[in-house]
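Engineer: Based on the hints, put chain H in the right spot on chain D.
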Amino acid sequence: MSLSTSKPPAPRLATPKTAAIAARNAADVQLRGSWSLTFARLRRDPASIGSITVILLIVAFALGAPLVAAWTGHGPTEQFRDTGLSPSGIPVGPSAEFLLGADQLGRDVLVRLAYGAQVSLLVGVVASIAASVIGVVVGVVAGFFGGPVDTVLSRITDLVMSVPFLLCAIALVAVLGPSLPLSIAVIVFFSWTGLARVIRGQVMALRHREFVEAARSLGASRTSIMFRDILPNLVVPIIVYTTLMIPSAIVFEATLSFLGLGIVPPTPSWGNMLADAANGSLYLIAWWMVVVPGGALLALTLAFNLLGDGLRDALDPAASKGGKGA
Amino acid sequence: MALLEVSNLVVDIPTEDGTVHAVQDVSFTVHEGEFFGIVGESGSGKSVMVQSIMGLVAGARTSGTVDFRGRNLLALGDEAMRSVRGREIGMIFQDPLSSLHPQYTVGWQIVEQIRAHEKISQQAAKARAIELLERVRIPDAAARFDAYPHQFSGGMRQRVMIAMALSLGPALIIADEPTTALDSTVQAQILDLLDEMRREFGATVVMISHDLGVLARVADRVMVMYAGRRMELGESANVLCSPAHPYTAGLLRSSAFNREPGTPLVPIAGRPPSLLAPPSGCAFAARCPDAMSICSERPPLRRYDDGTEVVCWLEGEPGEPPAPELPPAVEARSDDPAADASIVRVESLRLAFPQRRGPARVVLDDITLEVRRGETLGLVGESGCGKTTLARAIAGLVAPTAGTVTFDGHELSTLGRREWRSLRRRVQVVFQDPFGSLNPRRRVGSIIGDPFRIHGLASGQGRRAEVQELMELVGLNPEHYNRFPSQFSGGQRQRIGIARAIALKPELVILDEPVSALDVSIQAQVLNLLDELQRTLGLTYLFISHDLSVVRHVCDRIAVMEGGRIIELDDADRLYRDPQQPFTKRLLAAAAPEIPRTPARRRLVRTARPREAGPAPVLLPERAIEGARR
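Chains as they are written, first to last, in the numbering used here: chain D, 39 to 364; chain H, 1221 to 1850.
Okay, chain H solo, but in the shape it has when bound:
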C-alpha cells in the first residue's frame, strides 16, 4: 500500500543569482514498510526534495502533490504541518553533532520532543526515552540520559538521533545521508540498526545517500536523481545490477568499489548542469555516452515489466564506453642513481601532545614505515587514528617527539632553514578539503603560481605561462586564470590543489583524502588524473584515506592504522585476500561489496510521453516556514 505518493513535484527556490530549479517534475511512490533509497550526486536536488516535502525549505515555491495518508502535505498549513513533523514523519540528519543541541542533555531533548506532541508526564516521557536509548543500544542508557551530546561519539550521537526520530512512533522516517559523517565500521552498524528498527517499529524508511554501495546494502527500492530530475526508479537489485539508464550505469562504472583494482575507472565526463538554467531536454544528455539527437527533447517515461521506470530515450541497454587509455609509466626519478629504493624512511616515530591536565596524548606511537620510490602507499584508518598527523610529520610540518623521519637520506629534524625550504620543493601535499585548502580571496593563477613565487623560480609572463601549462595538464581551462576558487566546482578545486602540488615537480606527493569530499563521478576523474600524473611524471604517492575501496583501487601497498600505530602493512592484494588483524577484517567487512553486474531480463511494457507544453503548472504561493529560518 502506498504510504507516500509524490506526483509531479516541482520545487523552485528564488536566490540572488536567479531561480534555482531544484526539483523538476519528480513522481514516486513509497510503499508501507519498505526501505526506499534516493541516490544522487550533490546538487541533484535529493535533500531539497525531501525537505520541501517536510515544509522545511524557506521561501521555496512548490507545485504538484505529496500525498501522505490521504493528505496533501504541500497544502497543509503551518500548524497542521508541525503536528506531522516528528509525530508522523521523523527525520534523521547527516551531521549528528549539529542536529543535537549542544547545551541540553540528550535525554532532555528526547523528552522535549515527546512532550511537544503528547500530553504525558515527565516521568513517563523519561521512561520512554530511556527505553528508546536502550533499543538503539546505547550502553547504560539510564546513566547516559543526562549526558550532553559532546560526551558521545559520532556513531552514538547518530543512535540518539535515531532514538529521537523513533520516539513518537512515526509511520515514515526520512534519513538524509545518515551515515556520511561516520567511519565505515560505524556506518555499517548504523545502517543495520536503522534496518532493524524499521522492522521492529514497522516504520517505512526513506533514505537519501550519494553512496551507491550504502544503498545497495539496505534499500528495497531506489530512485536515481540527477539535476533535480528522476532518472531511474525500481527494485534496488534490478536498478543497481542491470541499470537501464546510462547515468546509473555511469555512476556504477566510476565507483571505485565496483571496479577491478588497477583498471582505470570510467568517469562520467563533465559536470552536472547548473540548476539555474537546466537544459530543456534530458539533463544528462551533455555527459551521456549514449546521447542521441532526440535527447534534446524531454525524454519519455519507460516502464518495464520488472517494475523499473526509466526516464530516457534509450530503448536498449546503456552502452559500455571504453576505459580511458593510460599513458605508459616512466621510471621514478632519482637524482642519485645509487640511492636506495626508499624515498622516505620513518623510524620509531612517536608524537605526543602535552595536555594541560593529565598525561600527554600520544597520537603516533612507535611508527616505522618505508615509502618506496615510484609506488603508491595507502594509509588507511578511521578518523582520529593519527593518519593525517603521520602525513604531516613525514612532510616535515610537525616535529616528532621521538624517532626520525628521513627523506632521501636527509634526516628532517637536522635540516637548516635553507635545506628545509628546498625540501618543500620535493615533498608536496594535496589536502582533503578542496574548499578550505585554497585561499578564497586569491585568484587561481596566483594560487597555482605560489610555489614559483615562494621559491623565486619564475615571475611575470614566465610564471603565467608555467601556470597555464599546469592548468592544461590537470584538465582546467587556462583561460580561467583570473577566477576565484569559489567560481569552481569541488572537483575542479581539487584539480587546482593538485596543480599547485605538482608545480615544482616534486618527488613525493602526500594525498590527504584527496577525493573524499567529491562526488563519485568526479572522484573517478580525479583518481584517473592522479594515476596519469604518476605515470607521466614518475611521482611517488602517499595516499591517505578512510575509504578502503578507493585505497585498494589505487595503491600498491597498504598500511592500516589504529590508535596511532600501524597494525598491518602489506601488498594491497594480499591484505585484501588475507587480512591478519581483527581490525583490518572489520574494516574490510564494512567496505561496500562489489555489485554484481547481471544482464537485464526485462521487457518494455509502456512508454509515457511527457506532457506536451500545455499550461504551465500552477505554483502554490510561497509558504511562510516556521523553524526553518536560521
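Next up, chain D with everything else stripped away, as it sits in the complex:
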C-alpha cells in the first residue's frame, strides 16, 4: 500500500475549515472574561464601592499611624496629664490640640485609634486567612474522602462549634496570660468551622462530577484531583467566606480586649479603648471615648460585611442566571 512511506503522513482532515470559521465567529463577539465581568458587576453596586472606599481609608489610616503621631506630636501611649485632663482629672473633649479628645490618662484618642486600627486589621486579616486555610483543608479532605475520614473530621467540627467561645477564651487566658498571638489563635480556633462545613458540602457535590471522573480515568493521583481539579472550583465560596470572616474576627478581638483578655494595655486596640470608656462609667462625661472607637469598629465591620455580600453577588450570579449554557 502507498502507506509505507518513510515519513508518517500528516493526518488529513475532512473538516479543516471548521477551526478557521469557528475562530472567526468567536472573534466577532468578544466574550468577556470572568474577572472583568465580576469587576463590572462590583462597580455597578454602590454598597460595594462605598465599603471598598471605607476599608481602603481605614487601611491607609492604620498604615499612616506613625505619621498621625508625628503630626499631632502625641505618642500612642504618651500621657498628657496637664493638657489632656482638666484640673479635676476629667479628660478633655475634641479640641484643636486633641482632635478626637483625650482619654482618662490624657492620651490622644486619634493617635490611639490609628494604632488600634493596625491591631484590628492585623488580627482580622491574619486570623481569617489562617482560619480559612484550616477550614478549606478540613472541608476538602472530609468531603473528598468521605467515609470514616469524613465522620471523624465532621464530628471534630461539630465539637468545636459546640464549645462556648468566651468561657474557653477566659480559661485559656487565665492559664497562659493575655497576648496578641494567643488572641489570634483563639479566634482562628473558633472561626474555621463554618467554612469547613460549606466546603465539605461543595466538595461532595463536585466529587461526582464528570470532570473528576475524567481526571481519574487519566490516572491522576488523589492529591492532584483535590488541589488541581476541585480546589479551583471553590474559589468563589472561599473568597466570600474569608471576606465575611474578617469582620467577625475583628469583633472577636475587640470583645477579648474589652474583657481584658486580648491586647495588653497600654498597647491600644479598639477593644481596650472601649473598655477604658466603660471603666468607672467614664462614657457618661466623655462620650467621644465610646463614639470614636465604637464608630470605627462599626464602620469597618459593616464595610467588610457589605463587601462580602457584594462579592458573593458579583462572583456568583448563577442565582439570577442559571442554566448550563448561560
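Hints are computed from structural coordinates only; laboratory data are not their basis.
Quick reminder that beta carbons are idealized off the backbone N, C-alpha and C, glycines included.
A hint or two may mislead.
[Said to hold, decoys possible] Short derived list, chain D residues pointing at chain H, Cβ under 8 angstroms: (1) Arg82; (2) Pro114; (3) Phe118; (4) Ala243; (5) Glu248; (6) Ala252; (7) Arg254; (8) Ser255; (9) Leu256; (10) Gly257; (11) Ser262; (12) Asp267; (13) Pro270; (14) Asn271.
Structural biologist: Chain H in isolation, oriented as in the chain D frame:
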C-alpha cells in the same frame, strides 16, 4: 382556518453581554387541527419564540403580532394572559421531572390546574383528573392519583404532563421538545399518544424539536428555523423529502439516520452565528454551500405552488456538496505482533451494588464480550440498562463483583498501582456531557495537557507544542490555548474531550454517548472526526449510545443491552436486517426511519422582497411577567 397567526414577530432579550436578538421577523400560521412542527438547532430561537408567545420570557421586548382567536397575545395584560395559559393554550415541557412539582401528588397538581380556571367541586375535578389519566393510559389511574412524580418513570411523567395540558380542553397545545429526555421506545409511544390525543380532543399541536426524524413521523407541516429566523415552511413531506433551502438540505445530509452506514456524513461546516450580532443578510450564508455574493443582503421570501415558503436567494434546488474524503485506514497498532485479535475480553462479568435494605442491585449480569483490535463496537440500550457501568468496568474505573476484564492479556483486577497507571495511557474515555467533563475553572491548554502532566511525559514548551498539535488535529484553533471551556460551544468542547483522550495515543477509546448532547450538524462533524482519527491513528472504539441510527452509522458490530445483560451481539448489518430478540426489534422500530429524497416538483409562484429599511418596528414596552421569574 387559522388558529394562530404570527406575523413579523421580533423578540429581543437584553442580557449582560448585550441584546440577544432571539427571534427576528418570523411569520407563520397554524391551522386548526393540524400538527405543526418547528425544527431548529439549539440556539435557533424556537423555544424562546413559543415562550414569548405565551408571555413566559421575563424582560423580553417583543414586536409584531400574535393573533390567537382574534386577540393579539402580545398586547394582552397579565391577568388576561393568565386565563389564556392552560385554559386555551396548554404547554408540555421537555423535562417532565422538573416541570412537575416534586412535593405534591400528580393528582393534586391536575386538580389544582383545573380548579384554578374553573369553578367546580373537588370531587368533580378529581373525577375529571382520573379520567384524563386513564385517557393517557396510566394503568390503574385511580390508585396512581395519589402518587408523587418520583414514583413514575420518565415516560409516565410525560403522560401526566400531557394529561395536565389536556385537562382544560385547550384549543392549542404547545409541546417543547416533549420526547427529547426519553428513551427511543418511549419516545415513539409518547408521540403516538400526542397524535392520538390531538385527534380525540380536536386540539391543534405545535411541537418544537431539534430532531428531524421525530417531526417527519408526526408533523403535518414544519417550519425550519435557524439563528432566530425562519428558513423554510411547508408541508412536512415536501420540506423534508425535497428541501428547497440549503439549510434544510444540510440538516438532512448530516443526520446519521438518513445516510448509508459507512458513508461519511456531510456536516454543515462551522457553527451558528452569535445572536448578539446576527449578520444583516442571510444568517446561514457563512455556512451555506450555495452561498452567492447577493446573500449578504436580506433574502426574499419565495412561495412555491405546493405551499412551501422559503427565505433564500437561491432559485433552483440546493446543491449537493461532495462528501468529505476520508483518509485511508492504517492497520490497528499492536505492540506484540503475536497478540490475538481481541484487545479486551470480558468474561462473566457481574456487578452488584449493595443496598441498605433488601438484596443488592444487580447492574451487570454475566456479561461476556470481546472487543477486537481496530473495530468499532457499539453498545446500545435504554437508559439504566448498565451500558455506562460496563464501560467504566472495562476502563477499570469500577471493580466488578465477579468475573474478569482482561486488557491485552492483563487482567485488570490483578494490576498493581504502577501497572494501573500505565493502563490509563492505553485506555481512554470520552464522556457524554461536554459541559460536565471539562473542569470549568481550568484553561483548555491545561485540560488537554493534563495527560502529559499526570504521566510526566512533557512539560513547559514541549507540552504546549504537543497540546497545540492536538488542538490542530481535532480542528480547534491552537490560539485558543488559554481559553476556558465556557468560551467554547458544545461541539468544540467535545473536541477538547477527544483531544484529551487521544493525547497519549491510546489503543482503546471508550466513547460514552459522545454526540448525544450535540446538534445534528455538529454531531456529523464530531462523528466524521472520530472516523478520521480512527483511520489515521488505528484506534479501537467502544461506542456507547442510545441512538441506533448513530450506532449503525459508525459501528462494525453492535451489542444490545437490556437490564444488565447483553441480549444480542452481531455484525451491524446483520443485526439491522435480521434482529433476533423482541427488544432489538422494538428498538429498531422506534428508530427514526430514513426520509426518502424525492426530486422537487414545484414552481415558483411569488417572490416577496423584504421590506426595505423603513422605520424600525416599534417595540412594545417590556412586559412584567408573573410566574416566569425564578
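Engineer: Could you run down the list of hints and mark each one as holding or not?
Structural biologist: Going down the list of hints, with the structure as the test:
Contact between Arg82(D) and chain H, as hinted, is not supported at the beta carbon level, the nearest pair being about 10 angstroms apart and thus beyond 8 angstroms. Interface hint status for Pro114(D): violated, as the beta-carbon distance to the closest one in chain H is roughly 45 angstroms, over 8 angstroms. A distance limit of 8 angstroms between C-beta atoms decides the matter here; for Phe118(D) the minimum to chain H is near 57 angstroms, and the interface restraint is violated. A cut of 8 angstroms between beta carbons decides the hint on Ala243(D): the least distance to chain H is about 12 angstroms, and the hint is violated.
Checking Glu248(D) against chain H: minimum C-beta separation of about 4 angstroms stays under 8 angstroms; hint holds. About 5 angstroms separates the beta-carbon of Ala252(D) from the nearest beta-carbon of chain H, less than 8 angstroms, and the hint is met. At its closest, the beta carbon of Arg254(D) sits 7 angstroms from a beta carbon of chain H; the interface hint therefore holds under the 8 angstroms criterion. Annotation: Ser255(D) was flagged as interfacial toward chain H, and the flag holds, the nearest CB pair being 5 angstroms apart, inside 8 angstroms.
Because the smallest distance between the Cβ of Leu256(D) and any Cβ of chain H comes to about 5 angstroms, under 8 angstroms, the interface hint for this residue holds. A least Cβ separation of about 3 angstroms between Gly257(D) and chain H falls short of the 8 angstroms threshold, and the interface hint therefore holds. Given the 8 angstroms rule on beta carbons, the hint for Ser262(D) holds: about 7 angstroms separates it from the nearest Cβ of chain H. Below 8 angstroms, beta-carbon pairs count as interface contacts, and Asp267(D) has one with chain H at about 5 angstroms; its hint therefore holds.
Residue-level restraint check for Pro270(D) holds (minimum Cβ-Cβ distance to chain H is 4 angstroms; threshold 8 angstroms). Satisfaction of the interface hint for Asn271(D) is found here, the shortest Cβ-Cβ separation to chain H being roughly 5 angstroms, below the 8 angstroms cut-off.
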